[in-house]
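Q: Chain by chain, the residues:
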Amino acid sequence: MLARWQFGITTVYHFLFVPLTIGLAFTVAGFQTAWYRTGKDEYLRLTRFFGELFLINFAIGVVTGIVQEFQFGMNWSSYSRFVGDIFGAPLAIEGLLAFFLESTFLGLWIFGWDRLSKRVHLATIWIAATGTLLSAYFILAANSWMQHPVGYVVNPATGRAELTDFLALLTNSTTLITFPHTIAAAFMTTGAFLAGIAMYRMLKDRGRPEDAAPFRSAAKAGAVMLLVSGLLVAVTGDIQGKIMTEQQPMKMAAAEALWETEQPASFSIFTIGTPDGSEDVFSIRIPFLLSFLATGTFDGKVEGINDLQAQAVARFGPGDYSPNIPITYWTFRWMIGMGALAALAAAWFLFRMRKGRTPAGRTVLVAVLLPFLPLAANSFAWMFTEIGRQPWIVFGLMQTATAVSPSVSAIEVLLTMVGFTLLYGAMAVVMVGLVVRRVRAGLPPATSDRGFEHEAEPALGLGY
Amino acid sequence: MELTTVWFALIAVLWIGYFVLEGFDFGVGILLPVLGRDEPERRAMLRTIGPVWDGNEVWLLVAGGATFAAFPEWYATLFSGFYLALFLILVALIVRGMGIEYRNKRGDAAWRSRWDRVIAIGSLVPALLWGVAFANIVAGVPIDADKEFTGNLLTLLNPFGLLGGLTTLLLFVTHGLVFLALKTDGELRERATTLAPKVGLPTAVVAVAFLAWTNVQTGTTLSMVVAALAALAFVGALVAATVRREGWAFLGTAVTIALAVASLFLALFPDVMPSSTDPAFSLTTTNAASTPYTLTIMTAVAVVFTPLVLVYQGWTYWVFRKRVTVTREPAKP
Numbered sequence: 001m002l003a004r005w006q007f008g009i010t011t012v013y014h015f016l017f018v019p020l021t022i023g024l025a026f027t028v029a030g031f032q033t034a035w036y037r038t039g040k041d042e043y044l045r046l047t048r049f050f051g052e053l054f055l056i057n058f059a060i061g062v063v064t065g066i067v068q069e070f071q072f073g074m075n076w077s078s079y080s081r082f083v084g085d086i087f088g089a090p091l092a093i094e095g096l097l098a099f100f101l102e103s104t105f106l107g108l109w110i111f112g113w114d115r116l117s118k119r120v121h122l123a124t125i126w127i128a129a130t131g132t133l134l135s136a137y138f139i140l141a142a143n144s145w146m147q148h149p150v151g152y153v154v155n156p157a158t159g160r161a162e163l164t165d166f167l168a169l170l171t172n173s174t175t176l177i178t179f180p181h182t183i184a185a186a187f188m189t190t191g192a193f194l195a196g197i198a199m200y201r202m203l204k205d206r207g208r209p210e211d212a213a214p215f216r217s218a219a220k221a222g223a224v225m226l227l228v229s230g231l232l233v234a235v236t237g238d239i240q241g242k243i244m245t246e247q248q249p250m251k252m253a254a255a256e257a258l259w260e261t262e263q264p265a266s267f268s269i270f271t272i273g274t275p276d277g278s279e280d281v282f283s284i285r286i287p288f289l290l291s292f293l294a295t296g297t298f299d300g301k302v303e304g305i306n307d308l309q310a311q312a313v314a315r316f317g318p319g320d321y322s323p324n325i326p327i328t329y330w331t332f333r334w335m336i337g338m339g340a341l342a343a344l345a346a347a348w349f350l351f352r353m354r355k356g357r358t359p360a361g362r363t364v365l366v367a368v369l370l371p372f373l374p375l376a377a378n379s380f381a382w383m384f385t386e387i388g389r390q391p392w393i394v395f396g397l398m399q400t401a402t403a404v405s406p407s408v409s410a411i412e413v414l415l416t417m418v419g420f421t422l423l424y425g426a427m428a429v430v431m432v433g434l435v436v437r438r439v440r441a442g443l444p445p446a447t448s449d450r451g452f453e454h455e456a457e458p459a460l461g462l463g464y
Numbered sequence: 465m466e467l468t469t470v471w472f473a474l475i476a477v478l479w480i481g482y483f484v485l486e487g488f489d490f491g492v493g494i495l496l497p498v499l500g501r502d503e504p505e506r507r508a509m510l511r512t513i514g515p516v517w518d519g520n521e522v523w524l525l526v527a528g529g530a531t532f533a534a535f536p537e538w539y540a541t542l543f544s545g546f547y548l549a550l551f552l553i554l555v556a557l558i559v560r561g562m563g564i565e566y567r568n569k570r571g572d573a574a575w576r577s578r579w580d581r582v583i584a585i586g587s588l589v590p591a592l593l594w595g596v597a598f599a600n601i602v603a604g605v606p607i608d609a610d611k612e613f614t615g616n617l618l619t620l621l622n623p624f625g626l627l628g629g630l631t632t633l634l635l636f637v638t639h640g641l642v643f644l645a646l647k648t649d650g651e652l653r654e655r656a657t658t659l660a661p662k663v664g665l666p667t668a669v670v671a672v673a674f675l676a677w678t679n680v681q682t683g684t685t686l687s688m689v690v691a692a693l694a695a696l697a698f699v700g701a702l703v704a705a706t707v708r709r710e711g712w713a714f715l716g717t718a719v720t721i722a723l724a725v726a727s728l729f730l731a732l733f734p735d736v737m738p739s740s741t742d743p744a745f746s747l748t749t750t751n752a753a754s755t756p757y758t759l760t761i762m763t764a765v766a767v768v769f770t771p772l773v774l775v776y777q778g779w780t781y782w783v784f785r786k787r788v789t790v791t792r793e794p795a796k797p
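Which chain is which? The protein sequence lines are A and B, in order.
No gaps in the numbering here: position 218 of the first sequence is 218 in our numbering, and each next residue is one more.
Count along the second sequence starting at 1, add 464, and that's the number in our numbering.
Simulated from the structure, these hints should not be mistaken for laboratory data.
Ideal Cβ placement from N, Cα and C applies to all residues, glycine included.
There could be a bad hint or two in this list.
Derived coverage of chain B by chain A (criterion: at least 3 residues anywhere in the stretch with Cβ under 8 Å from a Cβ of chain A; other residues may be distant) [what the hints assert, rightly or not]: (1) 536 to 550; (2) 604 to 615; (3) 735 to 745.
Listing some non-contacts, in silico: residues in chain A with all C-beta distances to chain B over 12 Å [unchecked claim]: (4) G8; (5) G73; (6) R81; (7) E262; (8) W330; (9) R357; (10) L369; (11) I387; (12) F395; (13) S407; (14) R438.
Work out the full structure: start from the sequences and follow the hints.
A: Set out below in structure tokens:
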């Protein structure tokens, strides 16, 4: 149980930073490309401003990533033994292909401003950004295998799952849809970050048009990025929902807290249930919507938890095969709600900025809150997909309860869990503090395109 | 050659790469408050490892990932067994990485000196604990019939383990000194040059004692020869350091670390984690390995991408080959 909490905390925390890293890498690369093409100072200044924020964020993504790589063995040794033949490969490949690219080329980017030609230096950030995408693909392939195992057999002699088709693992239908969904969400997160911060700065810099103008274009870019990727998130999420209904019907039923099979099924926006959750006291419902979400037709049949539970007992033997219904139900809604709210805010920003207008001061509040909305949506989404799979760690193959390390005592897990939680909390405080500081400092001057490391204090340079 | 043997060798290579590369940046981190007398010096020291430390650390991630993919049982037993030691290493690596990246994000001295201490401790702890871990892996730890580790953190802190820890710690400090002599200029370079042989001598004593003890326990002819070569390389490195052939000295300590780690892996083979409870329970390259199919795929991936990684990482070192000079110009407002 503790190991689950620990995995949950460390993974959700890690995933707060990862989407921003992916999106910001491309955003910074975009600004730098604009500078390379046009030679305009404002793009260089934006590159540096957001580059700095990108690095502050990237550092935490990196150091918490090491924990991710280690904790399968530390807390989940039985799982590691069972699936290592399959699950280890994408992890190792992620390291070899992606982590080396990201870390090496980012090092070149940070310190290479005066050592590399402009063209090669621009290439380094694009290569690092590509690395983040590769990384996402392989780790999602690994996770998708847990959601929907393919390309394997369970060897009766050893009791272990063994890989039989590597290509099937890489082209798992779950991976193919989860990857675009996650990447779109990453760009949505980044769009919100960009729009929120640039809007905030634009309003603060009202008296300095030379600063406000670049932030205006950044805020617009962020809002457009948020809206476009938000649309993609919705489309891919919709396809993903249908695949999920096929592969993990229990997760869909739990997402709706649908106890009895319905045809056609309605979708509830809000429900207050009895304490055991099996009966609705009050709910706002949209008829036919769940059928559409789950099956693509308005009168499709959606199986309920009770029926699915009975099927699972028939197949796997006695036991409880449903996840925590209230958590699954609400994380699903909060994910969608937070994402939709962020998209609304972006649309509102664009409306208020139309034809060169500058929004009123109240917009500052929305600007400050906006970056947090997709971050929350990401966390809820991650919790939903992992908690919704329970009691399974590998769907239909291995239960989470049997996956932990037998040689690790509860006290040890508790100790490391408290340790990681405190450490991560302190890191978040430091990180947010630095971001706030940097945002308050505003756009750096564009004195030169070289010598970043010898820059003025407070260190505006990207190097040390 | 068996694929399992190939992967044993590959994992050894990954660990060698990790210790040779991160070894010097651990060393620089540990030396930060000792060797760097003022802010510009400490900043220069960090700039010697700034562009490369993160890439160096990826060798560890890939070593971990490759162990998971090629020898899942080894990964499972090792990582769950050495639980608290690895937790300490993780915490150290986390705060150290944050320190290196965040130290110069603010101008005030208190912020920086706090991070400097964090970087030093965060470098020292893993430099010590990796040696403890590897000494115990080679010597054997209590493992039961279910391949589960039955000891605790104190089991690992035995005299042999601690000697191993001291060995890696001292080797990395010497390696870091030689690296700083090669990569810095002025007083910093002088100080590193003077200090290198002074730290090098006790290092030689400890390292020879550790490698000899290891080879007495589980050594083979080959592992002994390699250990002897490591000792020779170290003598060469110290001589080169004394006569100020800095490039040769760094090559010498790098080769020393590479050969010393190779000797440990040779002494380990064909076990990957011997059991001190009963040799029958030992994890070997055969009983801990993945299926031939997985190993074949992983081999193909490794054959294609490892050379590529070596090329572009090597290129990074080439780009940043210049010495880092201590800049004392006053900060602009």
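Q: Looking back at the numbered hints, which does the structure fail to meet, lowest number first?
A: Violated hints: 3, 5, 6, 13, 14; rest satisfied.
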